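A.B. asks: Sequence:
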Amino acid sequence: MASALRDLQLTAVSGGLRRPTEPITARDGADDLEDVRLLDSFDNEHRGDDADKLKTIQVKVTGMTCSACSNSVESAIAGVHGVHAATVSLLQNKAHVVFDTLLVKAEDVKNAIEDAGFEAEVLQDSNKTPSKSQKTLFGQFRIGGMTCAACVNSVEGILRKLPGVKGAVVALATSLGEVEYDPSVTNKDEIVNAIEDAGFEATFLESSEQNKVLFGIEGLINDKDLDVLRDILKNIKGLKQFELRGILSEVEVIFDPEVISLRFIVDAIQRESNGKLKANVRNPCTCAAPNDVEAAKMFRLFIASLLLSIPVFLTRLPFLKWFTLRRLGPFLMNDLLKCLLVGIVQFGVGGRFYVAAYRALRNRSTNMDVLVALGTSASYFYSVYALLYGALTGFWSPVYFETSSMLITFVLLGKYLEVLVKGKTSDAIKKLVELAPATALLLVKDAEGKDSVEREIDAMLIQPGDILKVLPGAKIPSDGIVVWGASYADESMVTGESVPVPKGLSSSVIGDNLSG
1 MASALRDLQL TAVSGGLRRP TEPITARDGA DDLEDVRLLD SFDNEHRGDD ADKLKTIQVK
61 VTGMTCSACS NSVESAIAGV HGVHAATVSL LQNKAHVVFD TLLVKAEDVK NAIEDAGFEA
121 EVLQDSNKTP SKSQKTLFGQ FRIGGMTCAA CVNSVEGILR KLPGVKGAVV ALATSLGEVE
181 YDPSVTNKDE IVNAIEDAGF EATFLESSEQ NKVLFGIEGL INDKDLDVLR DILKNIKGLK
241 QFELRGILSE VEVIFDPEVI SLRFIVDAIQ RESNGKLKAN VRNPCTCAAP NDVEAAKMFR
301 LFIASLLLSI PVFLTRLPFL KWFTLRRLGP FLMNDLLKCL LVGIVQFGVG GRFYVAAYRA
361 LRNRSTNMDV LVALGTSASY FYSVYALLYG ALTGFWSPVY FETSSMLITF VLLGKYLEVL
421 VKGKTSDAIK KLVELAPATA LLLVKDAEGK DSVEREIDAM LIQPGDILKV LPGAKIPSDG
481 IVVWGASYAD ESMVTGESVP VPKGLSSSVI GDNLSG
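Residue numbers (the numbering used here): 1 to 516.
I should point out that these hints are in silico values taken from the structure, not numbers from a laboratory. These figures come from a predicted structure and were not determined experimentally. Treat the hints with care, as some may be off.
List time: in silico BS3-like cross-link candidates among lysine-lysine, alpha-carbon distance up to 30 Å [said to hold, decoys possible]: (1) K60 with K188; (2) K469 with K94; (3) K224 with K240; (4) K94 with K166.
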């Protein structure tokens, strides 16, 4: 069956940040299939004499909840006769459609989406070229302090209310959030502040603008090599700033993405050093998550709370009654000692709950920190009130200092165990991400501009507009649309469909899957 298949052509739709997905396997018996090529944007797909009759529109699609929904919408659009290419973005809730105006109308595309069970609206500004002020970026942020789905919903809700934010997706297992925003309206610092104001911790990881990148340098042996690298970087136009870290064999650069690209910097370093120095991009998303640091912090807080809570119970032991039943004024030493120790636990060790609860209430939301702060405060302050009331009236009510300290201790133990579990989950996901292809075969024109020459590049250096060659059985290095070739793809890890899906002209493919 494979021998009867024709060659594929693909056009990739992802730009900026690459989102790793689970690998899928190819159909057996596809040895006769020829290569698959990818193109990373719509911009250069349609050229020639027929370009005038092609039209590109954007359609807002409502009702999509998962990748299976987006695939259904994409299939429905692609099934319309005259549609040349169709790509659906689940995060943006939009469909990007290229069609022949002689065969199809925008209304036909809208009707096809609605027939598939979704709501559709053709955007009026589909044919307008977005200006620089309309440019959107995708930023990834590490978010700490989330414990449940309610925390995720709270963070997403706050982010989506920010001016300039067009979409936000937060993952609890990896503690990562991806935000689509307009840099002319908001920036990464404001997004970080909004997350922290909601009672969570936030750190910016990277943006699709990729104006700040860390390179690992191979071949740095002595100071002379450092001087050579420094001279090369100084002569690269568009490079705004760089910082050499000779001991770590790294260099951090800040550049203008509208002037130069990552691949240009890598090529310049290798070319100007006559191949002695080689640069590779360090992806911040694959760096080890600070789970160990957070786990150590939670463990220290738990131990401190436990050590301060144990003496509260030891005061009940008979051999200590000679001390605990002594009085200091109207108060028993037992009650004063409990008030002191539990006060340290309540406002020292447990101070983080008050800070987080205040931030949550300030944003008119509630979380677990609000519950802990409310419950422990009620127990502690009632006990203090009971002591003062007994000293003034002589009527001594029972105190419940132990409740406050032990509740905080058990909550911290739970948070510590939660961090450990999340760390194992993150490690498993990280191992999945590491299955993504490290390199890609780039097809470039030779000096005469005729034949294509294959060149192996780092997968992090793939740019919109690149044509990539994917051999049968190899992993697809980027999301894309087929521009040449024919094959099958097993998308069961993404859609749950166990039957391999045929891929032909204008079919979309998901990065890191196996080609047939």
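A.B. asks: Hinted pair, alpha-carbon criterion (30 Å max): K224, K240. Please report holds or violated.
C.D. replies: 23 Å, holds
A.B. asks: Starting from K60, check that the Cα of K188 is at most 30 Å away, please.
C.D. replies: 26 Å, holds
A.B. asks: Is K94 close enough to K166, meaning Cα to Cα at most 30 Å?
C.D. replies: 12 Å, holds
A.B. asks: Does K94 sit within 30 Å of K469, going by the straight-line distance between their CA atoms?
C.D. replies: 28 Å, holds
In the structure shown, no violation is registered for any of the earlier numbered hints.
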